[in-house]
Amino acid sequence: MAEVVLKDVKKVYDGKVLAVRDVNLRIEDGEFVVLVGPSGCGKSTTLRMIAGLEEITGGTVSIGDRVVNLTHPKDRDIAMVFQNYALYPHMSVFKNMAFGLTLRKMPREEIKRRVGDAAKILGIEELLERKPKQLSGGQRQRVALGRAIVRDPAVFLFDEPLSNLDAKLRVTTRTEIKSLHKRLATTTIYVTHDQEEAMTLGDRIVVMSAGRGTGVVEQVDTPLNVFRRPANRFVGAFLGLPPMNFVEGVLRREEGGVYFVGEADGVRVLMPEDGNANLEAHLDVPVSLGVRPQALSEQPIGAFAGRDNTITIRSDIIETLGKSIDVSTTLPSGRHFIARIDAREDFPVGEDVTLHMDMQHVHVFEPGEFGRNLLHPPSPETSPAMNAGEELAGV
Amino acid sequence: MSELKQPGMKPMAETEARARAGAVASGSDKPTGAGAHVSGRHPMEAGKGAQLGRTIAFVGLVVLGVMFLVPFAFQVLVSLSTVADVDLLTQLGFPPTLKPDNYEGVFEQVPFAKYYFNSLFVAGWATLLQVITCSMAAYAFSRVRWVGRDKVFLLYLGTLMVPGVVLMVPNFVIILELGMFDDYTGLIIPAAFSAYGTFLLRQFMLTIPSSLDEAAAIDGAGHWRIFTQIILPLARPGIIVLAIFAFLFNYNSFFWPLILTKSENLRVLPVGLLQFDSTYGSDTPKIMAASLMSMIVPVILFLLLQKYLVRGIQLGAVKG
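Line order of the protein sequences matches chains A and B. For the first sequence, my numbering assigns the number 1 to the initial residue and increments by one for each residue that follows. For the second sequence, my numbering assigns the number 396 to the initial residue and increments by one for each residue that follows.
In short, the hints are calculated from the structure, not lab data. Ideal Cβ placement from N, Cα and C applies to all residues, glycine included. Wrong hints could be hidden among the right ones.
As the list claims (entries may be wrong) - To give a feel for the contact side, a few chain B residues facing chain A, derived at Cβ under 10 Å:
hint	residue
1	G488
2	A610
3	K657
Said to hold, decoys possible - Here are some chain A residues pointing at chain B (derived, C-beta under 7 Å):
hint	residue
4	K10
5	H90
6	L103
7	K105
8	M106
9	P107
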């Protein structure tokens with residue numbers, strides 16, 4: 001059990017290539033934190049620096065209350081699960097799981113007990129005598145998990161552990177990892193490029209990007225806050241499926257309030273009052289309106305009924321998903337636009353339809369890929385270091 | 396393999412030929428099966444052209460197999476003849492009597508058992524030491540990160556480009572200075588290191604995923620443990636290949652032992668064989684008998700480890 005603190009962590013490869021910079025992160029004892037981002041954003045590098053597999057070029061990494069920058073991986077009290085499982089091919093499952101314990105000179109009885117317990121939790125008791133080659137992908141993944149948990153480390157590190165599994169197995173294993181964490185309450189740092197994994201697993205998620213020439217942290221928050229209050233346009237676009245729609249335009253003060261006007265696309269939307277202070281400062285300069293596909297509806301939406309918050313689109317393609325349908329179109333400005341609305345049989349194709357926006361899920365961003373969120377910025381008090389460990393212990 | 400082109404090459408070439416002949420002989424089972432096809436058991440399966448092709452291939456392989464066996468058969472015949480009858484053989488006649496006397500004669504005339512022991516002793520130690528040094532060097536060049544590693548490796552590889560003959564004299568002087576002349580150490584120590592072996596094992600180790608040592612490091616292993624408990628067991632096929640190469644090379648080595656030893660009881664087999672080929676005439680039957688006997692070890696090695704050797708050659712092909 002330990003908290004992990006990253007302070008101004010930086011990684012430079014070969015003295016030239018800046019891979020990650022300014023990573024500041026406090027991961028509470030027992031917390032499950034997911035690092036997510038597109039490839040090249042430095043999430044794996046960050047994890048490997050915590051593990052001690054990469055040198056830390058600048059800043060400090062602390063586990064518990066000691067700085068571990070120069071500590072050998074074996075002395076950091078961590079266990080790691082790799083994407084390719086990294087099981088020792090020439091050892092049986094039992095030996096794979098026992099390897100770390102044997103090296104730590106644990107008594108044989110204790111090793112047997114621990115491996116047995118872990119095998120029981122993971123349902124791999126039958127496989128202990130087999131070699132990794134004789135196991136399926138899912139079973140190998142369990143053995144890799146088992147090897148991590150027998151050590152009872154202070155911190156678990158996961159590097160894209162589910163990427164090599166098929167879609168169905170990925171979902172079930174994900175649930176198992178979640179319940180395992182609930183049971184063990186060990187501090188966990190998990191790297192993935194899959195936003196669904198990030199949203200479902202993390203107590204908090206750390207969104208990283210590579211967009212500014214190097215890996216940086218864009219936002220750290222709970223999954224819901226990251227989804228509802230993305231710090232900038234990158235985070236808004238990265239999380240959520242289908243991805244957020246963007247409409248270019250300007251903010252104008254008109255009678256009745258601040259309006260977003262996208263002239264090219266014929267969009268005119270009245271902004272809610274709560275964000276006005278921010279918006280006032282950006283009047284008459286280019287901004288983007290970010291609209292989540294799920295924020296659109298054929299019916300007026302509760303609190304926003306009767307206001308100017310509609311967009312009219314001509315549907316090109318309808319994709320039926322069951323409960324809902326995805327309506328795709330191209331706006332007059334040439335931008336792609338998707339609305340996910342309640343399904344109905346006779347939705348017209350090729351005709352103009354007016355859709356209402358739920359302004360809770362509509363954002364206004366400064367221009368550029370990393371433009372700040374002006375309408376629903378993350379509020380400072382929504383990013384408290386959540387102590388999941390305590391919460392889980394009570395379950 | 397270029398390293399093998401040394402004076403001690405002759406027995407090696409023979410063994411190789413024999414092994415190939417063996418491979419052809421055992422491979423001939425397959426064409427026989429195809430022959431059954433041709434005879435019409437499954438007339439629908441193969442077209443006439445394919446049948447013809449198979450037949451030609453079969454005949455060709457049999458002819459090749461016989462051709463490879465001829466020198467060996469000749470060698471056996473000579474070893475069973477007398478010196479006088481050898482001329483008969485060369486005129487394609489057949490010796491009147493065949494007796495295994497030469498085999499005994501070899502032991503009576505020279506300390507053949509001692510030569511045999513020397514060869515096995517020197518080749519055995521050289522192989523063991525070479526496997527140890529090469530695998531450790533290969534680990535350092537493939538798994539440990541240090542400044543200038545790949546440049547040093549290139550430099551190391553560069554020594555392969557220098558012909559062995561060029562180094563013969565300086566090496567000889569060094570051995571002399573070190574007091575290893577006319578001593579087992581002089582035969583073994585220089586053979587205990589090999590740039591080629593290091594290269595072979597390094598390439599092999601590079602194919603082992605790095606996440607394995609990382610997992611082991613996190614599990615609590617240091618370099619020594621990662622080397623002995625993770626990398627070495629996984630590099631076993633590569634190590635076996637190197638061991639075979641090293642053993643054969645040293646077992647067949649001729650020129651180095653020749654210039655480096657003068658005492659009779661330090662002679663190895665290839666040098667010992669010279670005894671039968673003196674200025675006063677050459678006892679060809681005894682040379683044949685002795686070289687047949689000295690072939691036994693490499694042949695057994697070949698038969699036991701054939702599959703690894705094939706894999707090793709492929710390894711060189713893909714990675715080299």
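Consistency of the hints with the structure:
1. G488: violated (59 Å)
2. A610: For B/A610, the interface hint holds, since the closest Cβ of chain A sits about 4 Å away, which is under 10 Å.
3. K657: violated (47 Å)
4. K10: violated (19 Å)
5. H90: At about 5 Å, which falls below the 7 Å cut-off, the nearest Cβ of chain B leaves the hint on A/H90 intact, so it holds.
6. L103: holds (4 Å)
7. K105: Violated: closest Cβ of chain B sits about 10 Å from A/K105, beyond 7 Å.
8. M106: violated (11 Å)
9. P107: violated (16 Å)
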